Amino acid sequence: MMDSLNTALEMRDISKSFSGNTVLDGVTLTAHAGEVLALVGENGAGKSTLMKILSGVHQPDSGEILIDGQKLNFSRPGDALSAGIAMIYQELSLAPHLTVAENIFLGREPLRVAPLGMINDNDLYQRSQSLLEDYGFRINAKTRLGRLSAADRQLVEITRAIVEAKRLIVMDEPTSSLTSHEVEELFRLIKDLKKRGLAIIYISHRLEELDDIADRMTILRDGKVVYSGKWGEISTDELIRHMAGRELKEIFPPRKASIGGVKLKVENLCRSPKFEKISFEVRAGEVVGLAGLAGAGRTELVEAIFGAQPLESGRVVLNGVEVDHFETNQSVKRGLSLLTEDRKRTGLCLNLPLAANITLANVRALVSGGVLRKRKETAAANELINKLGIRPPSPSKPVGRLSGGNQQKSLLGRWLFAKSDIFLLDEPTRGVDVAARSEIYRKINELAESGAAVLIVSSDLPELLGMADRILVMRRGHLVAELNAGQTTQEEILKYAAVEES
Amino acid sequence: MPDWIKRFLPFISLILLCALIPLCEYFVLGQDPKFLTLGNLAAIARQTAVITIMAMGMTMVMVAGGIDLSVGSIVGLAGVVGALSMTHGSSVFTGILIFIAVGAACGLINGAAISSLRIPPFIVTLGAMGIYRGLGLYISDGNAIVGLPQGFGYFTEKSFFGFIPLPLLIVLAIALIVHFALGSTRLGRYCYAMGSNIEAARYAGILVSRYQITYYTILGALSGLAGAIESARTVTGQPNAGEGYELNVIAAVVIGGGSLSGGQGTVVGTIIGSLIMGVLANGGNLLQISPFIQKIVIGAVIVLAVTFDEFQRRTFESKEA
Amino acid sequence: MPDWIKRFLPFISLILLCALIPLCEYFVLGQDPKFLTLGNLAAIARQTAVITIMAMGMTMVMVAGGIDLSVGSIVGLAGVVGALSMTHGSSVFTGILIFIAVGAACGLINGAAISSLRIPPFIVTLGAMGIYRGLGLYISDGNAIVGLPQGFGYFTEKSFFGFIPLPLLIVLAIALIVHFALGSTRLGRYCYAMGSNIEAARYAGILVSRYQITYYTILGALSGLAGAIESARTVTGQPNAGEGYELNVIAAVVIGGGSLSGGQGTVVGTIIGSLIMGVLANGGNLLQISPFIQKIVIGAVIVLAVTFDEFQRRTFESKEA
Amino acid sequence: NRGTVNSQKTIAVIPKGISHFFWQSVKAGAEAAGKDLNVKIDWKGPAQETDISGQVNIVEDAINRRVDGIVLAPSHGDSLVPMVLRAQREGIPVTIFDSGIATDQYLSYVSTDNREGGAVAARRMGEKLGGKGKVAIIGAKKGSVSTDEREIGFEATIKEKFPNIQIVQWLYGEANATKSLSVAEDILTSHPELNGIFASNESSTVGAVRAILQRNLPNKVLLVGFDATPDLVKNVKDGAIDSLVIQNPFKMGYEGVKTIVDKLNGKQPQKRIDTGVSLLTKENVETPEIQKLIK
Ligand SMILES: Nc1ncnc2c1ncn2[C@@H]1O[C@H](COP(=O)(O)OP(=O)(O)OP(=O)(O)O)[C@@H](O)[C@H]1O
Ligand SMILES: Nc1ncnc2c1ncn2[C@@H]1O[C@H](COP(=O)(O)OP(=O)(O)OP(=O)(O)O)[C@@H](O)[C@H]1O
Ligand SMILES: [Mg+2]
Ligand SMILES: [Mg+2]
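Respectively, the protein sequence lines represent chains A, B, C and D. Per the numbering used here, residue 6 is the first one in the first sequence, and the count goes up by one each step. Per the numbering used here, residue 42 is the first one in the second sequence, and the count goes up by one each step. Per the numbering used here, residue 42 is the first one in the third sequence, and the count goes up by one each step. Per the numbering used here, residue 1378 is the first one in the fourth sequence, and the count goes up by one each step.
Treat the hints with care, as some may be off.
Claimed, not checked - Quick partial rundown of chain C residues pointing at chain D, CB under 8 angstroms, derived from the structure:
hint, residue
1, Ser250
2, Arg251
3, Asn281
Said to hold, decoys possible - Here are the simulated lysine to aspartate or glutamate pairs, DMTMM-like style, with alpha carbons at most 20 angstroms apart:
hint, chain 1, residue 1, chain 2, residue 2
4, A, Lys338, B, Glu284
5, D, Lys1597, B, Glu240
6, A, Lys448, A, Glu388
7, B, Lys75, D, Glu1570
8, C, Lys75, D, Asp1445
9, D, Lys1404, B, Glu198
10, D, Lys1511, B, Glu240
11, A, Lys392, A, Glu487
12, A, Lys199, A, Asp216
13, D, Lys1519, C, Glu284
14, C, Lys75, D, Glu1467
15, A, Lys349, C, Asp73
16, A, Lys349, B, Asp182
17, D, Lys1417, C, Glu351
18, D, Lys1519, B, Glu284
19, D, Lys1611, B, Glu198
20, C, Lys199, D, Asp1419
21, A, Lys76, A, Asp18
22, D, Lys1519, C, Asp73
23, C, Lys75, D, Asp1419
24, D, Lys1386, C, Asp73
The set of hints was computed from the structure by calculation and includes no laboratory data. Being a predicted model, the structure only gives us computed values, none of them experimental. Using N, Cα and C, we set each Cβ at its ideal position, and we do this for glycine too.
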């Protein structure tokens, strides 16, 4: 056994600012070999930035990094890698045109004729395949990465990092696109790595999963360390208080909505093999959850209902009117809205002002006499900014400058402004910190109370259990169960969701 | 106040240039400066009108994240067809409408191909560039169309109040309209949204394809109008007219702060970009600088302008990322 | 088996074309088919050599996610400088090395500017296009450099075994090297990685800027070599040589399955792309099709090729999405 | 085995470009000769006059097609030499027209004396200006031999014969009418006192006359142009253009083809055929000799 107090990494007094904005302010952090250090904090606290400094992507303005007591200077990712520090980045960082094996060994290909830089492809594939098998990931090393599901890509990214890690491995929200099944595999690996004496820094907003693996924790708030200590020394409430700097009442606030008539009804929706024969309805005042494992087809389904993706057959009825023309503009006109899973790709126009992003789905409302009235736009945006508590409240600031949670809130604002009354929310809290999450939940409740129909797609089962009235479960494109949220459990949902092994 | 400098950088360069040229005329050539005479300014207006008009449309297309390499060929094709219509008896007015209609049709085809085939605009319009040019040459059998009504020439030579050339008024009118459209209409708002993130625009319920087609059609129509002015200037329909203009037009947008990746660009910036290039060429001729050196200077100006711009953008994005 | 068709689509088009042309010669023109004679095939090889050589380099640059609009101007500049070196007494061999060196220097400057200024390659090389062309014109004062050693002309005229022209051998050698480099070395692997996701490449510890510079330098050197062949074919150093070649070169890569957004492209595809265009031009000449129509056909082929390609890519991506 | 399918002889006529009236007249002449002499004419040129290697390819393709003779207007004096030599080696007679070539391995050279064309323009200019004043040259494109010759001929004659005439500016219109117009405007701006302009080809003449009309200077600035289109002839009649140096492109085409046919019939044509230049002015425009040339 390794000595568990063997300090593998020390980051001392790290400060960093981006064009005048201080993001990190004198952060000191220690990671021990054979231990998992949980790094937690609100959105925008500086976690990823700190880790990117460690991996050589960013250079600190001041401070130093010590590996095994030795002071090192990383001017680029290659330096950190050769010092044995590997990182799983928050945004996937793989090349979709390359194969799985090529990605795993990118930058460190085994060579055959070294002076020519000639790559030994046989070795490359054999080694990758056996690694994947060792880790229990069922992925063919020769598959082109672009063909893998988001979850599988995440697993490749994990494999890649583990192979590279010699001393320390950083995982920045590695589970954000994984479901419980894969999370378990990952945790098994992490325990393995601990045994091999690696230090692990683990970032996550899913506090409950940290219980399983974390040994110590460091809490960041506004770029400063506000707490460091053993995991479990303080209660979750206290932890959240440190993170948010204030008291948080309940994560899942109660809702008192009366359930009314059917607002959204879908019948026999098909686009095989993504989803087949899907029928369900959502009523006014109701919050329905849609659960399933990664790749179950939930995202495909809601995007098809919204008209952003094709549908092979089936009917979609909004407020009693059948939609026959599947284009997103038709859906929006009829009061349907989709909060997409990936806010960077399909959500926000990052370099446009916050106000323009909020009003985008209903610019029509701002136009009178053919002229887009800017004053009206600012007023409307300000109202929603206040209502949703978007920070900072500046409508003319590009939305890309906001932190993740606030970006998510501004997307929600867009659909509120669109005067929608049917909401499809796909992973509405992905990557959002606890405090911001509870604000979003509160908002969803208000919507339901005002008579809207809400469908929440989420991989976070506690969230579904806490928010939904009913929970639909999808497995491999089929609706396999409808459960009453008050009477079901995570285990029951998983039993339906899990793909039976063949 | 870097944002301030950024916004005015092209403008400042233009002013500096306009001051520098007469100084050189006086001190280097030892002549009376002719650059700032009304006659020369009117000449610059006429010389840059064609590029500026096309660049107005290109601003829209590029803000929306697209690009159109075929505009120069559209000038040629519209020139040939419009000129032929006039030699076949249509009036000057009808003729000009035909120029515009041919341009709009080409733009419509580009836009429809881009949005339906879903292939990159660079490719579609690279192909279209050859197709339209070939068509123009084929229709005219490679000859200039001559024998146009004399009144057509007046279309560009006419001046108001003795010194404001008609093309300048046309440019101003179009600039005002496009400026208004980009800044204060849905058409313009969607332009920026699509250029910033086209998927996001689609998911926000914008019928992306329809707007794409609209922007390319507007650019096509403006290129057709530019073709009319080009034709009127030489009172012929030259099948080779507009060759290479696409790069000048794109350069004007880019010097004016437009971005190839979309979401950025303004009418005022583009006009300044076009003027900078026009003034460089005119000043080069007045100062008797070799056209070869002029090529080098314009190339360098493009790179420098975008370097400044990108530098500004990076400091901004590093805040955002 | 759409993947299969996709891979062979350009090849099949080429074969069809090669069958179609002699048939037309015989049945339409009523002549003995000349297309498949050794002499004509050798001519095609010579005629396409310049574009193909540049397209080899462009494949690398485009696979890595870049683009270079200045290659045509490099042909001109290298042609002028290389030709001048020969008229000033350097041997043919040294002269050819100078062509290549000038090209490589231009490419190096492009690559260094792109990776250090961090501005889009489209812009940098758009500017460079004007700068290099202007330089070539300035150095030569717009005149062709004449009086090159006669031996230089043999450089392209020479044939082996009576019918294999030297340019063909050069093309083959370069193709083999680039094919090997792209498929089996780190240089090539990083090319695909950078074009696929440049951030990922950077995070994997790849020194992205150094490789970027390398790719552009290789392309520059190959453009310089192409300039030598072009010069040898005309036995002059033409400052206007290579005008517009950039679009042909890019089209060759794109027809061959390369993508403007990087990550895709192969040497074999590019060669076929270049041959398709060369055969279209040669066949057009043999069949006495007007060059205007040829322009239209080539434009259409570009759009169609990419449409097929994109269609395939979409079905592929929908699997992945 | 040549011509088994079709016994008519084929002659390739290869101009520098195909998009000018000038070349269209050459084509008409070549086709007239084809009709008169019963040969088939293959008319084929690059789309752009600057596309030298395009023209090399076309000649190469003609050789490979084993035409019976080639009539070529080389777009560059040196660049086409290898192809001409190759044709000679393969027994295909080549006649050069319009612009010269740097070898004597051709059958016959049929052209205008371009230097003389420039001199004709210079003499006209000098006489009309009374031997003094300031003039400018709007050139076509540097490096194009025939127009370079005209400009040099003009310059040399002015210098020699009219020492009091000053050539104040010499810019190029890139063989593009609009570019020529811009250049002409800028010349008129920087030299308001200008007395005359010599424009050395069709597009530069078009640009120059538009600039003069636009500034309403027809009586102040004397324009001597080169080549004729119906519009330009009209401008001469209106007085906007003083005169046009015209060549005889029809004759070039006709004589070029005829030299080849002669050769194929065993006769040896003249090595040099001058097709002559004439000056078209308001006074002589209606004469039958001139009318024949601008048909
Ligand atoms: N079989 C598959 N092949 C390729 N990609 C897949 C597959 N299944 C899922 N994906 C990817 O995973 C993402 C999620 O898609 P899907 O709607 O199928 O599942 P989901 O239940 O929403 O899962 P997630 O929780 O990952 O969003 C898709 O955007 C797609 O990129
Ligand atoms: N490259 C950059 N340029 C400018 N600002 C940046 C950059 N990277 C991060 N920031 C800013 O630094 C702050 C901290 O960001 P960081 O990504 O480290 O937060 P985080 O704690 O990882 O948040 P999350 O939980 O949302 O991932 C944010 O306000 C962000 O806007
Ligand atoms: Mg983060
Ligand atoms: Mg999903």
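Return the numbers of the hints above that this structure violates; sort them in rising order.
1, 2, 4, 5, 9, 10, 11, 15, 16, 17, 20 and 22
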